[in-house]
Amino acid sequence: MADANNAEAAAGGEDKKLSDIFLSGWNLYDELDVSDLPFNGSEFQNKVKTALGHFEEATVVVNQVGMFSPNELIDEVSTDSLPFMLLPYFLGKLTTKINNPNSTEIMDLGEIYFKDHLQRCQEYELCEAPKGTVQQTNKLEKSEQRELVEAAFNRNDKIAQYRKMKEIDEYMARMRTAVKNKTADDEIRREFFLKYLDKSIIDSKQELESLGMMKELAKMRIARLAGGESSPNDDPPAPSGKPLGSRGPSSHGHSHGHSHHHQAPKPKPLQPFIITRNATQKAVFGLGYPSLPVMSVDEFYQQRVDEGIFPDAEKSAKMNQAQAIAAARDPNEQEDEEKAVEDQLIEEDDPENLARMRRMDEYKDVVRRGDGNRHNRS
Numbered sequence: 002m003a004d005a006n007n008a009e010a011a012a013g014g015e016d017k018k019l020s021d022i023f024l025s026g027w028n029l030y031d032e033l034d035v036s037d038l039p040f041n042g043s044e045f046q047n048k049v050k051t052a053l054g055h056f057e058e059a060t061v062v063v064n065q066v067g068m069f070s071p072n073e074l075i076d077e078v079s080t081d082s083l084p085f086m087l088l089p090y091f092l093g094k095l096t097t098k099i100n101n102p103n104s105t106e107i108m109d110l111g112e113i114y115f116k117d118h119l120q121r122c123q124e125y126e127l128c129e130a131p132k133g134t135v136q137q138t139n140k141l142e143k144s145e146q147r148e149l150v151e152a153a154f155n156r157n158d159k160i161a162q163y164r165k166m167k168e169i170d171e172y173m174a175r176m177r178t179a180v181k182n183k184t185a186d187d188e189i190r191r192e193f194f195l196k197y198l199d200k201s202i203i204d205s206k207q208e209l210e211s212l213g214m215m216k217e218l219a220k221m222r223i224a225r226l227a228g229g230e231s232s233p234n235d236d237p238p239a240p241s242g243k244p245l246g247s248r249g250p251s252s253h254g255h256s257h258g259h260s261h262h263h264q265a266p267k268p269k270p271l272q273p274f275i276i277t278r279n280a281t282q283k284a285v286f287g288l289g290y291p292s293l294p295v296m297s298v299d300e301f302y303q304q305r306v307d308e309g310i311f312p313d314a315e316k317s318a319k320m321n322q323a324q325a326i327a328a329a330r331d332p333n334e335q336e337d338e339e340k341a342v343e344d345q346l347i348e349e350d351d352p353e354n355l356a357r358m359r360r361m362d363e364y365k366d367v368v369r370r371g372d373g374n375r376h377n378r379s
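Start counting the sequence shown at 2; every next residue gets the next number (my numbering).
Note that these hints are calculated values from the structure, not bench results.
Fair warning: there could be bad hints in the mix.
To be verified - Straight-line distance between alpha carbons at most 30 Å, and here's what the computed BS3-like set of lysine-lysine pairs gives:
#1 K365 - K206
#2 K165 - K183
#3 K165 - K220
#4 K17 - K181
#5 K50 - K319
#6 K48 - K116
#7 K216 - K206
#8 K48 - K216
#9 K159 - K200
#10 K183 - K220
#11 K17 - K200
#12 K18 - K50
#13 K220 - K167
#14 K18 - K116
#15 K216 - K159
All chains, please: the whole structure from these sequences, using the hints.
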């Protein structure tokens, strides 16, 4: 392993040091992260390319000196070398900001960067290796129950990750300037970059999950286009000489000219719709007694299920299991979850939440505590 000081000398005869190259890319990355520039604009894309160039140049130097080794622990990495472990993460984040018509190539490249970053973090025991897929050998009912339990655990895990990310962001917002200006001591700088690595691990896993879903959607779209299918929002092929989406008078005239050949089907006659208690009553009474039941409860429920009005038995079982899982949760955990969601809405200045809070404040100004029905009160 070579430390960052040796890497400075490996940067060649250039005037810039490795730390300066990295800092230039980092400053541009932070600027793009909060930028209001349009994503497709040339100014935004030029900054993305410039930041990518800085990080790629830094990566070349890091590889030349062999700064990191899979045989060492994170405690053996010097504080000056820790920032360069974030290079694949920064490259992956910036790659996803590139505006390129060939989106599948961009997604593949971003996936490579994030996987490389997680692999290095696993080698330094900063995160666990991804769990392998387990063969589903149980019955369908058990697999559905397992899916519900896993969904509940994943939801709680994402809430915990959100809280951790929020804490790290607050800490980094306080210390970022001091770390960049190198006015913070070595211990604070080390803690800062270790927390940044924790954040990058969580964010990389989320990015990989999003990229996986986007790649699946892109494959489905390519397969549909290859098969000659059009999307639901696409206009049908236009007649020769007419643009897509145009509807000339000839098309209406054609439809009216053939309207007399097709007669609308006669509506089905209405029948008495009365529920029976069981199939035996239906067999005995039948349709000969219009004032008596002609449908059993099971048949009525099944008809409603087929019409989409009532949920079927499987959906009801899933709903009951989900309610049971929700009821078994710790009330303190549920309260913390609701508070986290409320804090997120306040932080994001959600318009609906702001309007609700303003209405509540106005209500409290008008209605004092203890007001209510004061009729016949002395």
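Do the alpha carbons of K159 and K200 lie within 30 Å of each other, as the hint requires? holds, 13 Å
Pair hint outcome, K216 versus K206 [Cα-Cα no greater than 30 Å]: Holds, because 15 Å separates the two Cα atoms, which is no more than 30 Å.
Measure nothing beyond the straight line between the CA atoms of K165 and K220; if it is 30 Å or shorter, mark the hint as holding. violated, 34 Å
Could you grab the alpha-carbon distance between K183 and K220 and see if it respects the 30 Å cut-off? At roughly 47 Å apart (the allowed maximum being 30 Å), K220 and K183 break the hint.
Are the Cα atoms of K50 and K319 separated by 30 Å or less? Not satisfied, since the Cα-Cα distance of roughly 49 Å exceeds 30 Å.
So if I understand the rule, the pair passes when the alpha-carbon distance is 30 Å or less; does K220 with K167 pass? violated, 34 Å
Would you mind confirming whether the straight-line C-alpha gap from K18 to K50 stays at or under 30 Å? holds, 20 Å
For a C-alpha distance cap of 30 Å, please report whether K216 and K159 respect it. holds, 22 Å
Between the alpha carbons of K17 and K181, is the straight-line distance 30 Å or under? holds, 16 Å
K48 paired with K116 [C-alpha distance capped at 30 Å]: holds, 24 Å
Measure nothing beyond the straight line between the CA atoms of K48 and K216; if it is 30 Å or shorter, mark the hint as holding. holds, 26 Å
Given the hinted pair K18 and K116, is their alpha-carbon gap at most 30 Å? Holds: K18 and K116 sit about 28 Å apart, inside 30 Å.
Going through the hint list in order, the structure does not satisfy hints 1, 3, 5, 10, 13.
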